[in-house]
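Residue numbers (numbering that gives the first Met the number 0), protein chains in the order written: chain P, 0 to 505; chain D, 0 to 120; chain B, 0 to 100.
By construction, these hints were calculated from the structure, which means they are not laboratory data. Watch out, some of these pointers could steer you wrong.
Unchecked claim - Calculated from the model, a selection of chain P residues having no Cβ within reach of chain B, i.e. all distances over 12 Å:
hint, residue
1, F40
2, W68
3, D69
4, A158
5, A166
6, E168
7, A170
8, M171
9, K172
10, Y192
11, G193
12, L223
13, P406
14, L448
15, L453
16, S499
As the list claims (entries may be wrong) - Covered stretches of chain D (chain P as the covering partner; in silico rule of three or more C-beta atoms under 8 Å from a C-beta of chain P):
hint, stretch
17, 25-39
18, 43-49
Note that beta-carbon positions come from the ideal geometry of N, C-alpha and C, so glycine has one too.
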Amino acid sequence: MHPLAQATTQPLPLPEVDWRAIAPELALAVAGVVLLLVVAFWPRAGRGVLAGLTLAGLAAAAALTVWNWDLERVAFEGAVSLDGITRYARAVLLAVGALATLMVAQGDSREGEPDDSPPEVFPLLLFALLGMVLLAAASDLLVVFIALEILSLSLYVMAGETRRLAAQEAAMKYFLLGAFSSAFLLYGIALCYGATGSTNLLEIADATGDPTADGTLLLAGVGLLAVGFLFKVSAVPFHMWTPDVYQGTPTPVAAFMAAATKVAGFAVFLRVFAGALGGLVVSWRPVIAGAAVLTMLVGAALAVVQTDLKRMLAYSSISHAGYLLVGVAAAATVPAGVSASMFYLLTYAFMVMGAFMVVQYVSRLGPPDDDAIGERSSLEDYRGLARRHPWAAGLLAVFMLALTGIPPLSGFWAKYYVFLAGIEAGLTWLVVVAVISSVISAFFYLRVLVVAYLQEPVGDPGAETAPGRTPALGVALGLAGLLTVAIGLAPEALIAAARSAERILG
Amino acid sequence: MTTYFQAYGTFAALLVLSIAFVAVAFGANRLLRPNRPTPGKLTTYESGMDPVGTTWSQTQIRYYVFAFLFVIFDVESVFLFPWALVFADIGVAAFWEMVVFIGVLAIGLLYAFKKGVLRWA
Amino acid sequence: MRVGPGAYLLLSAILFAIGVAGVLIRRNAIVVFMCIELMLNAVNLSFITFAKTNGSLDGQVLAFFVMVVAAAEVVVGLGILVAIFRKRSSTSVDDVNLLKG
Chain P
0 MHPLAQATTQ PLPLPEVDWR AIAPELALAV AGVVLLLVVA FWPRAGRGVL AGLTLAGLAA
60 AAALTVWNWD LERVAFEGAV SLDGITRYAR AVLLAVGALA TLMVAQGDSR EGEPDDSPPE
120 VFPLLLFALL GMVLLAAASD LLVVFIALEI LSLSLYVMAG ETRRLAAQEA AMKYFLLGAF
180 SSAFLLYGIA LCYGATGSTN LLEIADATGD PTADGTLLLA GVGLLAVGFL FKVSAVPFHM
240 WTPDVYQGTP TPVAAFMAAA TKVAGFAVFL RVFAGALGGL VVSWRPVIAG AAVLTMLVGA
300 ALAVVQTDLK RMLAYSSISH AGYLLVGVAA AATVPAGVSA SMFYLLTYAF MVMGAFMVVQ
360 YVSRLGPPDD DAIGERSSLE DYRGLARRHP WAAGLLAVFM LALTGIPPLS GFWAKYYVFL
420 AGIEAGLTWL VVVAVISSVI SAFFYLRVLV VAYLQEPVGD PGAETAPGRT PALGVALGLA
480 GLLTVAIGLA PEALIAAARS AERILG
Chain D
0 MTTYFQAYGT FAALLVLSIA FVAVAFGANR LLRPNRPTPG KLTTYESGMD PVGTTWSQTQ
60 IRYYVFAFLF VIFDVESVFL FPWALVFADI GVAAFWEMVV FIGVLAIGLL YAFKKGVLRW
120 A
Chain B
0 MRVGPGAYLL LSAILFAIGV AGVLIRRNAI VVFMCIELML NAVNLSFITF AKTNGSLDGQ
60 VLAFFVMVVA AAEVVVGLGI LVAIFRKRSS TSVDDVNLLK G
């Protein structure tokens with residue numbers, strides 16, 4: 000009998016709707032839809048109003064996250080699981096979303112010049128966050144796929160939000176390669192489903208221990224899943240899109256992509272690989288470790304030759320994906336790998352967003368570039384920044400030193416815990432490579448500071464236009480800098496919170 | 000093996016027969032008719048008008064928005080059909096779930112309407 | 000004769016491989032995009048086959064969701080491509096070369 004025909008004769012089991020479990024996601028969805036209607040029916044709403052509404056939606060989601068903080072359960076028949084990863088990722092993502100909202104609200108607008116980006120970017124930001132938060136909570140491969148598509152489709156549109164040719168080019172590249180990688184991920188899901196008979200991560204975890212299961216099919220599926228995830232977190236050899244997209248897309252969107260996509264991508268990476276596929280760790284660890292080595296070294300080596308700060312940050316984000324992969328490789332056997340990776344994501348998100356904020360600030364100095372690339376982010380623009388804008392240069396120094404991993408800033412502790420977990424998992428050789436990559440990366444991070452502090456400004460300083468009033472960007476810069484320093488001074492509380500993320504529910 | 004291909008055998012026989020029918024009819028026609036072409040007879044038949052322009056004309060790009068909006072209804076129908084099949088078993092809960100689903104899609108359409116893409120420009 | 004699930008899975012793998020080859024070889028963005036759609040639909044065939052062999056409905060449900068996601072992807076993708084086409088009257092991926100380094 001046909002399976003569909005069977006379904007009509009049997010009473011259909013309806014999953015219980017657990018509203019509370021997905022309350023933060025629902026808040027984001029409702030806020031996004033409301034904002035879309037506001038944009039449609041009130042076209043003259045200012046960016047401040049829209050940003051305020053977006054922040055209100057984020058605040059509601061954050062309040063519901065706090066309300067759900069102690070909830071640990073699997074909801075919707077195993078489709079969504081609430082555990083440490085979910086709540087930690089929710090908190091980090093909502094904070095990143097708030098900073099991104101401030102950056103977007105500032106936009107590219109200058110005195111007497113309307114902003115290029117349309118108001119739809121605010122609802123899109125909320126929809127992208129909805130996909131990310133759901134991705135971190137997903138414990139069924141179907142939900143993983145849908146959440147990934149919600150966030151990807153929103154980001155494709157956000158990447159091309161301005162009329163600049165570079166932004167549209169970035170959107171097209173991001174879209175084509177993103178859709179390509181989604182297809183690989185989907186094929187991986189299909190093969191895992193075929194091998195284990197389920198898309199639920201808990202049931203897949205049970206099936207991997209079952210010797211009667213089809214091992215070849217499952218391993219092929221795991222390989223394709225890895226390709227899909229490595230694409231999304233921009234690991235070598237699937238990193239080609241990252242520099243082009245980060246450079247072409249407007250800086251606020253690039254910052255959001257760099258920080259938030261990594262958080263959500265690595266949360267699901269940990270849940271699927273360290274959680275559900277933990278039984279197959281002997282099979283996938285060499286692959287992930289190999290990708291980690293390539294990602295760290297290629298990312299750091301190519302960042303050295305960049306002359307554009309946005310491109311350099313893109314390659315730096317690739318090398319950071321490599322350090323995170325060390326955490327993923329360790330996580331299957333060492334629970335500390337999970338908490339170290341989550342803590343790394345927390346610190347990395349604020350460091351990289353801060354760096355992009357400085358880029359956004361500096362691109363406002365000087366006349367708007369009518370070059371198609373559009374934004375002024377060449378290293379040349381940073382010459383003598385310390386003399387002209389000491390505050391911006393000081394924050395730039397904080398973020399660059401944190402990204403390098405200089406103590407006592409937050410980046411040092413992030414690397415420290417991840418490397419510790421790697422050594423505990425017996426991956427000492429991988430940690431040695433990571434340290435070498437860190438040393439290489441120190442060169443290009445510190446070069447930015449040399450340019451900003453030691454070189455003379457080019458041209459006539461009087462020709463430089465004022466950056467204009469930047470209240471939103473100023474607040475965002477202050478918050479990111481404060482967090483980067485504060486986390487570095489007192490990492491214990493946050494790493495303790497991350498430790499609660501070690502037990503993965505499916 | 001045999002039953003599987005027998006099922007397609009009927010179809011194959013019909014295919015061969017229909018091709019043969021057309022070939023025989025047109026072949027006989029060609030053999031029997033006289034052939035005296037004039038320029039008027041050789042032009043493309045376009046309902047009695049003189050044919051204008053090339054056959055390779057391009058469609059207006061502004062129609063693509065309607066294709067996009069079609070997707071709203073496309074997505075709706077993909078879920079409406081399985082829903083209709085099990086609706087009776089589930090009852091009121093299923094009804095309200097579908098109301099929410101269609102409501103979200105309707106907001107998309109409302110947004111498009113407000114943005115003026117449905118107006119003929 | 001019953002055609003076994005192996006044949007369907009092989010067909011699905013072949014279609015997926017054709018899609019991958021198309022994405023890597025073709026230079027027109029719209030054709031590249033069509034190849035991605037081919038990959039998604041090849042996966043759908045796998046889902047349906049596995050749903051039959053596993054005797055569960057999950058695969059068919061997944062196929063529905065994939066169809067919907069593919070439709071949404073078409074809208075976003077073609078929207079981006081139309082925007083680029085209006086600017087430069089070409090959809091060849093070789094002409095998209097502003098960003099490099």
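Hints that the structure is at odds with (numbers, increasing)
4, 5, 6, 7, 8, 9, 10, 11, 12, 17 and 18
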